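J.: Below are the chains, spelled out letter by letter.
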Amino acid sequence: MTDAPWRTVDRDYLSDEHRLLRRTAREFVAAEIAPHIEAWEEAGTFDRDLYKKAADVGILGAGYPEEYGGSGGDVWTQIVAWEEIARAGSGGVGASLGSIDIAIPPILAHGTEEQKRRFVPPLLAGEKIAALAITEPSGGSDVAALQTTAVRDGDDYVVNGSKTFITSGVRADLITTAVRTGGEGAHGISLLVIGGDADGLTRSEPLKKMGWLASDTAQLFFDDVRVPVADRIGEENEGFYAVMENFQMERLMLAIVAVITAEVGLEASLDYIGEREAFGRPLKGHQVIRHTLVDMATRLTAAKEYVYRVADRISRGEDQVTEISMAKLFATDTSDFVTDRAVQIFGGYGYMREYTVERLYRDSRILSIGGGTSEVMKEIVAKRIL
Amino acid sequence: MRIAVCVKQIPDPAAPYELDPETHFVVRPEDQVLDDTDRYGVEVALQLAEAAGDDASVTLVSMSPSGSLQGIRQALAMGADKAVIVDDASLRGADALTTSRVIAAAIGREGYDVVVAGTESTDGYTGVVPQQIAEVLGAPSLTFARKVEAVDGKIRIERQTQAGYDVVEAAPPVLLTVTSGAVEPRYPTFKGIMQAKQKPIDTLTCTDLGVTADNQQVITSVDPVPARQAGEIVEDEGEGHLRIVAMLEEAKVI
Ligand SMILES: Cc1cc2nc3c(=O)[nH]c(=O)nc-3n(C[C@H](O)[C@H](O)[C@H](O)COP(=O)(O)OP(=O)(O)OC[C@H]3O[C@@H](n4cnc5c(N)ncnc54)[C@H](O)[C@@H]3O)c2cc1C
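Protein chains in written order, with numbering that gives the first Met the number 0: chain W, 0 to 385; chain P, 0 to 253.
FYI, nobody ran anything at the bench for these hints, they're computed from the structure.
Remember, it's a predicted structure, so these values are computed and weren't measured experimentally.
For each residue, glycine too, the CB sits at the ideal point set by N, CA and C.
Just so you know, not all the hints are guaranteed correct.
What the hints assert, rightly or not - No farther apart than 30 Å at their CA atoms in a straight line, the calculated lysine-lysine pairs in the BS3-like style are these:
#	chain 1	residue 1	chain 2	residue 2
1	P	Lys190	W	Lys127
2	W	Lys51	P	Lys198
3	W	Lys52	P	Lys153
4	W	Lys52	P	Lys81
5	P	Lys146	W	Lys52
6	W	Lys208	W	Lys51
7	P	Lys81	P	Lys190
8	W	Lys51	P	Lys196
9	W	Lys51	P	Lys190
Unchecked claim - Pulled a few chain P residues facing chain W out of the computed Cβ check, cut under 8 Å:
#	residue
10	Gln73
11	Lys81
12	Thr188
Unchecked claim - If you want the ones that stay clear, here's a sample from chain P, every Cβ over 10 Å from chain W, calculated:
#	residue
13	Asp54
14	Ser67
15	Ala76
16	Asp86
17	Asp87
18	Glu168
19	Ala195
20	Glu234
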């Protein structure tokens, strides 16, 4: 299948070095992730030492500067690493292992040198776990309306409020948190890095979810939590822009995950239709099935071509806000379509836990919600093209 | 300690092989990978170098068309220090003896204390190159190692045998071959891969080495493995075992 149209998209973008990085990531997944997926999905979490292992091989640090413990490399370094993690077929493992990628970019982009040196290396080394906390029980789409407050008291802020649906929230050691330090609206928001052991921080039990089962997700409660002003990232009341900027890479990576989720679903279906028979011939011999597979493959290939194109422009430093929003919209819609069809093709087996397509179907569903919903993506595009 | 590791780039075993109908050689794609069996050799070499300390060096030696050198970079990314490639048009389709002479010349030119090789390549399977290299170099060979250690200035191995293993040792200069599974090869880290592009790769020709290709072997024909015969299904109506016993007797296994 290495010559299939969706498998050859990356040829135009990856160097020999990226392909070696992909090979290492694939070997890492085969050795350290694939054998444990069933158990981790069942347990609702994965072994904590996976962070350390992923750091040692360089996956956690992919794309981050070496001076803070990263592996170096570019956007494609990050893409090949996380594609291989996604290809393991457990969205949850990728989500919690990858929560570092939404938590540290604001620190690197807006933190002081001292903050970068203090916060980032232990995270990239896999010694500490990072999370990003924006969403609140009262709302996630309207970030500018968030209600968790941080009131200045001497050299500290005193934080009160709650965050929910926080990926890696059960065991995060450092939480990049959006809080209200000023008046209403986008201009009153700041970013604080809050330690997991802070007094007054409590966490819910792991939230029970439809998919992403291997990732720990929690609600966080802040009750007079004191956070040193020295742990604020960037200027006071300018956090909203850092949050919006951070969404760009998150959305690109979610689009990539969507593409790979669809790809795994498609390839599982292609194998299955050759083996499974109905009415005396392989499923492959029924025209309706053949056409469905073509629809899946066509949409996937188009989505992947577009997502890679946008990634390429990002790697060259171009502003792609409209395009990323379109890419996430289209790619996540594609993964929902492809995984839904995959379950259908597998029939009753597609509804059974032991079949990968069943998990892909559930794991796909979050991709058009997290990191900004499809409706929010459409609002962004509408504002920019209408 | 100067360690040379023989490595080979082969077509990705996951992709189908093609043979040239004229020469019967494997058609080599631009992109080749490190032969899986060589990863064990590289790992053993790296472990010996790590145990030996700072001034130990690991040099990869390969006879191979330069191509994209993906396979060589894989081994450099694991931690080897440099690579020496012998790339010469006259070596296309070189037989095992020519290959051994060429590689021995390259190793001799670099200087070595220990040469490490796999037991046989996954695409050629002759299984004689390492011993021939040792012979050309005039070094003892310790073969089929399932465990390797440096003890009191000697290399000591456990040689895999049918009955168990022998413990054999020799003082450097020495050549050893390691079995697949002898060690757990590390996979290259992201940093290793990115640093690999700065590592030197020297490319030599036969003239540089003062050797000439002198193939004694020609592949005269290649035949496909006969397709497996369909098995016989014995319906058991109480007498099935008799038919099975008869079949086993026919096959002379009982
Ligand atoms: C598994 C999981 C992991 C998550 N991980 C994190 C995390 O790590 N950190 C974090 O901060 N958040 C996280 N989230 C939260 C996620 O980002 C939010 O769920 C998402 O942004 C939507 O917010 P909401 O759930 O409050 O929905 P709401 O904002 O209440 O939206 C409800 C519905 O209304 C639609 N809607 C909202 N506004 C508009 C509009 N203007 N026009 C049209 N339709 C609109 C939405 O699209 C949606 O369909 C996670 C969520 C899940 C499920």
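J.: A separate judgement is required for each hint: does it hold in the structure or not?
T.: Each hint, compared with the structure:
no., hint, verdict
1, Lys190/P x Lys127/W, "20 Å, holds"
2, Lys51/W x Lys198/P, "27 Å, holds"
3, Lys52/W x Lys153/P, "34 Å, violated"
4, Lys52/W x Lys81/P, "27 Å, holds"
5, Lys146/P x Lys52/W, "26 Å, holds"
6, Lys208/W x Lys51/W, "26 Å, holds"
7, Lys81/P x Lys190/P, "16 Å, holds"
8, Lys51/W x Lys196/P, "26 Å, holds"
9, Lys51/W x Lys190/P, "15 Å, holds"
10, Gln73, "6 Å, holds"
11, Lys81, "17 Å, violated"
12, Thr188, "5 Å, holds"
13, Asp54, "26 Å, holds"
14, Ser67, "6 Å, violated"
15, Ala76, "6 Å, violated"
16, Asp86, "17 Å, holds"
17, Asp87, "23 Å, holds"
18, Glu168, "33 Å, holds"
19, Ala195, "8 Å, violated"
20, Glu234, "24 Å, holds"
Going down the numbered hints, you'll see the structure goes against 3, 11, 14, 15, 19, while the others check out.
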